[in-house]
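Asker: Starting from the given sequences, assemble the full structure and let the hints guide the process.
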Amino acid sequence: MPYSPLRLLLDFDDQYQRDQRQSPDFLHRRDRQLALQARQRDGATPLPEDWLRTLGADRASGGHDPRLRSWRRARVLFVLGGAVLGVLTMLGLLYYDGSQRINVTLLLGFAALQLALAVLTTVQAGIGWRPWGRLLDQAGATPSALHDLQPPLAARVAHSGGLAFAIAALLTLLVQVVVRDLAFGWSTTLQTSAPGYHELTHALAWPWRQWLPVAVPSLELVEQSRFFRISDQTPADPARLGAWWAFLAMVWLVYVVLPRLVFLALGRAQLRWRAKRLLARHPGMAALRQRFEQPWVDTGASNATPAPALDQGKAADGVLPESGTVIHWAGAGLADDALFGALVGGERAPLRLEAGGSASLDHDRAVLEQAGQRREPVLVLTQGWEPPTGELADFLDDARQQWGEDTVIALVPLTTDPGGTLSDTTLAQWRRFVDRRQHPHLRLCRVPEVPS
Amino acid sequence: MTTAPRFAVVGHPNKGKSSIVATLSQNDAVAIALEPGTTRDSERYPLSVDGHLLYELIDTPGFQRPRRVLAWLQAHSHSASDRPDTVRAFVNQHRDDPRFHDECELLTPILDGAGIIYVVDGSVPYHQEHEAEMEILRWTGQPSLALINRIGDDDHGEQWRTALGQYFRIVRDFNPVTAPFETHLRLLRSFGQLAPQWETALDQAVEHLRDQRRHRRKRAWALIADALGDMLGHAESARLGEDASRSVLEVRLRQSWQDWQRKRELRLRREVEQLYQHHHLQRQEQHLEWEPGHDLFSERERRAWGVSRAYLATAGFGAGALGGAGVDALTAGHTLGAGALIGGVLGAAGSLYYSSKLDRLNLGPLSSGGREARFGPLRDPQFGYVVLGRALQHWYLITDRNHAGRDPLALDNADSHWLDTLPRGQRHALQKALQQSTRHQDEKRRQALREAVAQAGDAFLQWRRK
Chain A
1 MPYSPLRLLL DFDDQYQRDQ RQSPDFLHRR DRQLALQARQ RDGATPLPED WLRTLGADRA
61 SGGHDPRLRS WRRARVLFVL GGAVLGVLTM LGLLYYDGSQ RINVTLLLGF AALQLALAVL
121 TTVQAGIGWR PWGRLLDQAG ATPSALHDLQ PPLAARVAHS GGLAFAIAAL LTLLVQVVVR
181 DLAFGWSTTL QTSAPGYHEL THALAWPWRQ WLPVAVPSLE LVEQSRFFRI SDQTPADPAR
241 LGAWWAFLAM VWLVYVVLPR LVFLALGRAQ LRWRAKRLLA RHPGMAALRQ RFEQPWVDTG
301 ASNATPAPAL DQGKAADGVL PESGTVIHWA GAGLADDALF GALVGGERAP LRLEAGGSAS
361 LDHDRAVLEQ AGQRREPVLV LTQGWEPPTG ELADFLDDAR QQWGEDTVIA LVPLTTDPGG
421 TLSDTTLAQW RRFVDRRQHP HLRLCRVPEV PS
Chain B
453 MTTAPRFAVV GHPNKGKSSI VATLSQNDAV AIALEPGTTR DSERYPLSVD GHLLYELIDT
513 PGFQRPRRVL AWLQAHSHSA SDRPDTVRAF VNQHRDDPRF HDECELLTPI LDGAGIIYVV
573 DGSVPYHQEH EAEMEILRWT GQPSLALINR IGDDDHGEQW RTALGQYFRI VRDFNPVTAP
633 FETHLRLLRS FGQLAPQWET ALDQAVEHLR DQRRHRRKRA WALIADALGD MLGHAESARL
693 GEDASRSVLE VRLRQSWQDW QRKRELRLRR EVEQLYQHHH LQRQEQHLEW EPGHDLFSER
753 ERRAWGVSRA YLATAGFGAG ALGGAGVDAL TAGHTLGAGA LIGGVLGAAG SLYYSSKLDR
813 LNLGPLSSGG REARFGPLRD PQFGYVVLGR ALQHWYLITD RNHAGRDPLA LDNADSHWLD
873 TLPRGQRHAL QKALQQSTRH QDEKRRQALR EAVAQAGDAF LQWRRK
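Residue numbers (this note's numbering), protein chains in the order written: chain A, 1 to 452; chain B, 453 to 918.
The set of hints was computed from the structure by calculation and includes no laboratory data.
Here the structure is a predicted model, which means the values were calculated and not measured.
Honestly, I wouldn't trust all of these hints.
Stated by the list, open to error - With a Cα cut of at most 27 Å, we get these calculated DSSO-like pairs of lysine-lysine: (1) Lys715/B x Lys670/B; (2) Lys670/B x Lys896/B; (3) Lys670/B x Lys918/B; (4) Lys896/B x Lys715/B; (5) Lys276/A x Lys670/B; (6) Lys276/A x Lys896/B.
Unchecked claim - Facing chain B, from chain A, some residues (calculated, C-beta under 10 Å): (7) Pro24; (8) Leu278; (9) Gln290; (10) Gln294; (11) Pro295; (12) Asp298; (13) Ala330; (14) Asp417.
As the list claims (entries may be wrong) - Residues from chain A shown here face chain B by an in silico Cβ test under 8 Å; the list is partial: (15) Thr299; (16) Gly300; (17) Trp385.
Beta carbons: idealized from backbone N, C-alpha and C, even for Gly.
Answerer: This is the structure in structure tokens:
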């Protein structure tokens, strides 16, 4: 089923509103994929209607569109009201009690008024004036896409009502002509001569005078049917007074019914044109085109989940044991003699060893053996700014195995600058490292203050 | 068919490997600062365009026991020609050994053909212990590149460059937290130099990423314009009963109006962050919280992002004149420019009159009886400038933020106003668009606001780059 521009706009706007809840990544991925598939299949970028169909968003493809229900109801009401009003109005205009003739001038004036109203409605819709806008806004529940279409929609309703009015009035005129003896005449306060009035009627009959001369009043008819309110003058031939009806019916048909029909058709075209224009300028349309054209660059970021936060570690700061055995892991603190002096204690001569880093594994094993022979706590100095690695873990596990469960090992992470302190975050990784070792006599110790 | 290039980002633990991957893959969910010893598998971060894989970054665990690995390799190799096979044999031998899990994880993609991106921290001194790692990587025989990432304040880059130059053909400095976007792209291009067959894919990737950034910028400005339009045009309404107090209702409506504005602003923030794939900014603690006192309605914000009365008068005059000139055009110039002049005077007067005025409660009839009380839209022209300034500032911080960044977003104080860089004609157009947004928004006005915001975004960018 072909898509009407109005329904296309409404469906598109609905989908746009739904897409507001989606992530931009998802929308880009979805639409780019659809565009690529369409290009592969049809060799062209999908049209909005194809896009909606693919998404299954063409919900108003059959039957009446519920989003236009209120406008449909208003149209029906206007048509019914217009028809009733048209009958009543024409009956009123043709009211004839036998004392006075029905004034043709009044009927012509009324037709002119109808024409003016029809033109005004069309102009109002054309310039987008919404004198009743506040009323509609208060009523609410209008889809946002319809907001800018209110003037042409309202014009369509008004023209439908006007057309019903005009047709009902014309039919009433014809019925009255058939069932009653109507006597028409013309009268005006202005100083208008019969030839002048005839010229007016002749001009008005321009559209049909060539092919329907019977509906063009003659000069004689105009002269004979003039009447004045304060006069009891009766015409020479009363039957002639009814001859105006054909002219009046044609005036009504050409100047009231047909303009409404034309304006209604124009309004329909205008509605389609504006709906198309609104769709082209819809904020979602530019974004959709961009999504169609822009390659989907996927970094996998939308699917990733961040790593869980790490705790601060449970190992408390241990007391630095009194010991003369110091191992510099990966050269940590090797050049700092003052630090070494502040760390070592006890009566025995201090022993300074080096392991890890660029040393060989055999060298590490020899260091373990040498330190184990002293049977005292061992201080292991490390580069605190570097994270503890598996090699250090291996070294400590080997030490525990070789020195026995009871040997106290103090792990002392150092800072890059002598006298500095490690941040809590950096220290936390050492705490967690000690936790993981599950060594009852492995302590994490801070560097003591070095006297300057 | 050629396979897409892959790059294993390897190195000593905690040297910023994951930060580099996070920034290059635009993924703020990459696990940064996971510590060694915590078992971790390699993570792959592909970059694909329309489903076509262009390259893949592989974040790996750091070396844990490089000396043991090297000792094993040396013990099992007979000549230089069998070194890659020996590395493969090591992985096959130790795949199920938990002690060498990390080494197997990081060596496997390299043995499968991935290029090597070796990362070191240039802010700590070079130490020979890294030589075992570099030697193992050299044994794999794969093309390699070294990145010096300065995590701390000290600079030992020269030492590192000398040492790395002996093992790697290309050595680059790269800070994943502060490096500007163009530097990311240059680095990616240099990855392509590792092997001739990788160059095309990396060049394509760079072009796509650059294009994606342009697209995001446009989209971000459109989001800002839409939010600005919503905020300027918003009104809160309620029914005022016969016995209800007008002042109480005004306070309530003002409060709900302000709450609505804050929520809308926050929604814009999230939209812009999502656009730039900062999905976890909010979860990364309070980093996106603006400092106390930076509330949308605070005096401080008004001073920072609002405009002077002189600016309002001139911009208001310009905006009014633009409208008045339309009247002159309609009369084919017979009004001798009086339309523009009168429009300008009215525009300036209106801007000054409504400046610093909060809206008052408006009362109108209700169709069902009683009265309708409305608060808003706010006609104070300063409000639009404050919202726009804050939105552009946030956008700029987000667009300038790398995905490895974990620091809080900070507002800078500047000596000049960003609007100083906006040409006069564009100022008038902006003022007009802001004024018109307080009335009903049709598509034409929305488009005008989008264009004005795009011009403002350009000016803001120039101002920040000064």
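Asker: Each hint should be assessed against the structure and marked as holding or not.
Answerer: Going down the list of hints, with the structure as the test:
Straight-line distance between C-alpha atoms of Lys715/B and Lys670/B comes to about 23 Å, which keeps the hinted pair within the 27 Å bound. Restraint check for Lys670/B and Lys896/B: satisfied, since their Cα atoms lie roughly 18 Å apart, inside the 27 Å limit. Restraint check for Lys670/B and Lys918/B: satisfied, since their Cα atoms lie roughly 21 Å apart, inside the 27 Å limit. Between Lys896/B and Lys715/B, the direct Cα distance comes to roughly 26 Å. Compliance with the 27 Å bound is thereby established for this hinted pair.
Between Lys276/A and Lys670/B the alpha-carbon distance is near 25 Å, which keeps this suggested pair within the 27 Å criterion. For the hint pairing Lys276/A with Lys896/B, the CA-to-CA distance comes to about 15 Å; that is within 27 Å, so the pair holds. With a least beta-carbon distance of about 5 Å to chain B, the hint placing Pro24/A at the interface is held under the 10 Å criterion. With a cut of 10 Å, the hint placing Leu278/A at the interface with chain B holds, because the nearest CB-to-CB distance is about 6 Å.
Among the interface hints, the one on Gln290/A holds; its C-beta lies about 6 Å from the nearest C-beta in chain B, closer than the 10 Å criterion. The interface hint given for Gln294/A is met, as the beta carbon of that residue sits about 5 Å from the closest beta carbon of chain B, less than 10 Å. Because the beta carbon of Pro295/A sits about 5 Å from the nearest beta carbon in chain B, less than 10 Å, this interface hint is met. Below 10 Å, beta-carbon pairs count as interface contacts, and Asp298/A has one with chain B at about 5 Å; its hint therefore holds.
At its closest, the beta carbon of Ala330/A sits 5 Å from a beta carbon of chain B; the interface hint therefore holds under the 10 Å criterion. A distance limit of 10 Å between C-beta atoms decides the matter here; for Asp417/A the minimum to chain B is near 9 Å, and the interface restraint holds. This hint holds: Thr299/A has a C-beta 5 Å from the nearest C-beta of chain B, less than the 8 Å allowed. The beta carbon of Gly300/A is positioned within 8 Å of a beta carbon in chain B (closest approach about 6 Å), and the interface hint is therefore held.
Proximity of Trp385/A to chain B holds as hinted, the smallest CB-CB distance being about 6 Å (cut-off 8 Å).
Violation of the numbered hints given earlier is absent; every hint is satisfied by the structure.
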